[in-house]
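> Each chain is listed here by its residues.
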Amino acid sequence: MADVAALQTMLSRVALGDRTAFRALYDATSPSLFGVALRILKRRERAEDVLQDTFVSVWQRAGSYSAAASQPMTWLTAIVRNRALDLLRGDTLRATESIHNEETGDMDEPPDERPDPLGLLEQATDALAIRGCMDEIKGPQRQCLALAYYHGLSHAEVAQRIASPIGSVKVWIRRGLDRLKRCLDKTP
Amino acid sequence: MNYDRPDLLDRLAAEYVLGSMTLRARRRFERLRVALPSAEAAARDWERRLMPLSDAVPVEAPPAGTWQSIDRRTGGAAARDPRSAARAAGPSWMAWLKPALGFAFGVVATIGLLRVDPGALLPIDAIVQQRGTLPPSYVGLLTDAQNNPVLLLSSTRQGRLLSIKRLVPVDVPAGAVPVLWALPRDGAPFALGALPAGDHAVLMLADTSEKLFANVPRLAVSLERAAPAPGAAPAAFLLSGHCVKLW
Numbered sequence: 000m001a002d003v004a005a006l007q008t009m010l011s012r013v014a015l016g017d018r019t020a021f022r023a024l025y026d027a028t029s030p031s032l033f034g035v036a037l038r039i040l041k042r043r044e045r046a047e048d049v050l051q052d053t054f055v056s057v058w059q060r061a062g063s064y065s066a067a068a069s070q071p072m073t074w075l076t077a078i079v080r081n082r083a084l085d086l087l088r089g090d091t092l093r094a095t096e097s098i099h100n101e102e103t104g105d106m107d108e109p110p111d112e113r114p115d116p117l118g119l120l121e122q123a124t125d126a127l128a129i130r131g132c133m134d135e136i137k138g139p140q141r142q143c144l145a146l147a148y149y150h151g152l153s154h155a156e157v158a159q160r161i162a163s164p165i166g167s168v169k170v171w172i173r174r175g176l177d178r179l180k181r182c183l184d185k186t187p
Numbered sequence: 000m001n002y003d004r005p006d007l008l009d010r011l012a013a014e015y016v017l018g019s020m021t022l023r024a025r026r027r028f029e030r031l032r033v034a035l036p037s038a039e040a041a042a043r044d045w046e047r048r049l050m051p052l053s054d055a056v057p058v059e060a061p062p063a064g065t066w067q068s069i070d071r072r073t074g075g076a077a078a079r080d081p082r083s084a085a086r087a088a089g090p091s092w093m094a095w096l097k098p099a100l101g102f103a104f105g106v107v108a109t110i111g112l113l114r115v116d117p118g119a120l121l122p123i124d125a126i127v128q129q130r131g132t133l134p135p136s137y138v139g140l141l142t143d144a145q146n147n148p149v150l151l152l153s154s155t156r157q158g159r160l161l162s163i164k165r166l167v168p169v170d171v172p173a174g175a176v177p178v179l180w181a182l183p184r185d186g187a188p189f190a191l192g193a194l195p196a197g198d199h200a201v202l203m204l205a206d207t208s209e210k211l212f213a214n215v216p217r218l219a220v221s222l223e224r225a226a227p228a229p230g231a232a233p234a235a236f237l238l239s240g241h242c243v244k245l246w
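Residue numbers (numbering that gives the first Met the number 0), protein chains in the order written: chain P, 0 to 187; chain S, 0 to 246.
Bound-form chain P, shown alone:
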């Protein structure tokens, strides 16, 4: 992928309506962003919808990107994740409200969890050099964080997935986030 400065330049050109830069930005970032959306939504057509919406939004909002406030991939990943989470929550709501689940039957397919969310979190903590710090977080806390972040599961869904009371899950996630914050804010 292009480095931070190159992505910042592309975004600044996109803000000026430069379609060549827009295409370059898409080529440089879409495989990562599609991977993130796919991990949350599991279904390629849903992930593609999110990717399309994200880049349409980038084209319209590139002028609001502030290099001082966030790095390009942070900004782009946040847009993708927010759209994917909204879509996922909407799907869940419709599936819950629907008496007949025929239309959403394909959502019942077992999700592809390779690599599993915990494995992804461990890879990420290694890459961020916070493994030692994060090792202080107990297994269930780490699993809750991983399921919420990589699969977009709500507190209730995490509780169901790991067969634990929702109250415990909320506490684990809160403690896990506190620990993560301390670990990440310590790194240079």
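The hints are simulated quantities; they were obtained by calculation from the structure and are not laboratory data.
Heads up, the beta-carbon is just placed ideally off N, CA and C, and yes, glycines get one too.
Be aware that one or more of the hints could be misleading.
Stated by the list, open to error - Cβ-Cβ distance ranges computed for the label pairs, FRET-style:
1) P/Gly89 to S/Gln145: 45 to 53 Å
2) S/Pro216 to P/Gly89: 42 to 50 Å
3) S/Ala200 to P/Gly62: 35 to 43 Å
4) P/Ala66 to S/Ala34: 22 to 30 Å
5) P/Gln59 to S/Ala235: 35 to 43 Å
To be verified - Reference excerpt, derived from the structure (chain S facing chain P, CB under 10 Å, subset only):
6) Ala13
7) Ser19
8) Arg25
9) Arg43
10) Trp45
11) Pro62
12) Thr65
13) Trp66
14) Asp70
15) Arg72
16) Gly74
17) Gly75
18) Leu222
19) Glu223
On the provided structure of chain P, position chain S as indicated by the hints.
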């Protein structure tokens, strides 16, 4: 809740960015982000912390055609190619909003365009009056199932206006939308637009006739329940006929 408390905002922002909030809680926090700079700052802080966790997610090439859809939706080259637009997937209202917007912009741009190409936005009969001769044009004559002529269509070769003359009344049931289709020699039919009402009408095309009709030997009209989605197949044809070059 007391949103003046930084620890509360920090916790809400953390759970929002992590992704564990319900949809309703997400909406509440999004409103907070807009209203409170401290909520926005807390969310940005958590995005900075947590988004790098996504670097571990395996990359995955998006499906072919994703870029073309984005390009079309943002008004790029694909949007200016109506055949590509008809094939590309996307919300159906977008495809029909574009001709409407195109028409609105077209009205504004008419004076400027006329200076460049006097024929581009003049109906064929106006050009005939100016010149006294028939200009190079595409002409279509659509007939019903009994082979009775019903619609006469004409557009100058480089023009973007399709003149429509209704030779006999067309019976359109309530709620149905009569849609004009181009049937290319080699390719799927693509919609040109909904037929305007009136015995004499003009349809603004998405491109010049030459671009649209050069490989289109036939035109047809179907009755649709609604404006067809891009790439959708037409319903049964009510009228059909040849499209020929008049030069």
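> Cβ-Cβ distance between P/Ala66 and S/Ala34: within 22 to 30 Å?
Since the Cβ atoms of P/Ala66 and S/Ala34 sit about 25 Å apart, the hinted range of 22 to 30 Å holds.
> Does the Cβ pair P/Gly89, S/Gln145 satisfy 45 to 53 Å?
holds (50 Å)
> With a cut-off of 10 Å, does the beta carbon of S/Thr65 approach a beta carbon of chain P closely enough for the hint to hold?
holds (6 Å)
> Hold the hint about S/Trp45 up to the distance rule: shortest CB distance to chain P must be less than 10 Å.
holds (8 Å)
> Closer than 10 Å between Cβ atoms is the bar; does S/Arg25 clear it against chain P? Give me holds or violated.
Hint on S/Arg25: holds, closest Cβ of chain P at ~7 Å, below 10 Å.
> Would you settle whether the hint for S/Asp70 is holds or violated, based on the nearest Cβ-Cβ distance to chain P being less than 10 Å?
Cβ of S/Asp70 sits 8 Å from chain P, so the hint holds.
> Against chain P, with CB atoms and a cut of 10 Å, does the hint on S/Gly74 hold up?
holds (9 Å)
> So, S/Leu222 near chain P? Judge it on the closest CB pair being under 10 Å.
Where the cut-off is 10 Å and the nearest Cβ of chain P is about 27 Å from S/Leu222, the hint is violated.
> Should the hint that P/Gln59 and S/Ala235 are 35 to 43 Å apart at their CB atoms be regarded as holding?
holds (40 Å)
> Classify the hint on S/Gly75 as holds or violated, based on whether any CB of chain P lies nearer than 10 Å to its CB.
holds (6 Å)
> Per the hint of 35 to 43 Å, is the separation of the Cβ atoms of S/Ala200 and P/Gly62 within bounds?
holds (41 Å)
> Could you check if S/Trp66 really has its C-beta closer than 10 Å to a C-beta on chain P?
OK, holds: S/Trp66 within 10 Å of chain P, min 6 Å.
The earlier numbered hints that this structure contradicts are 18, 19.
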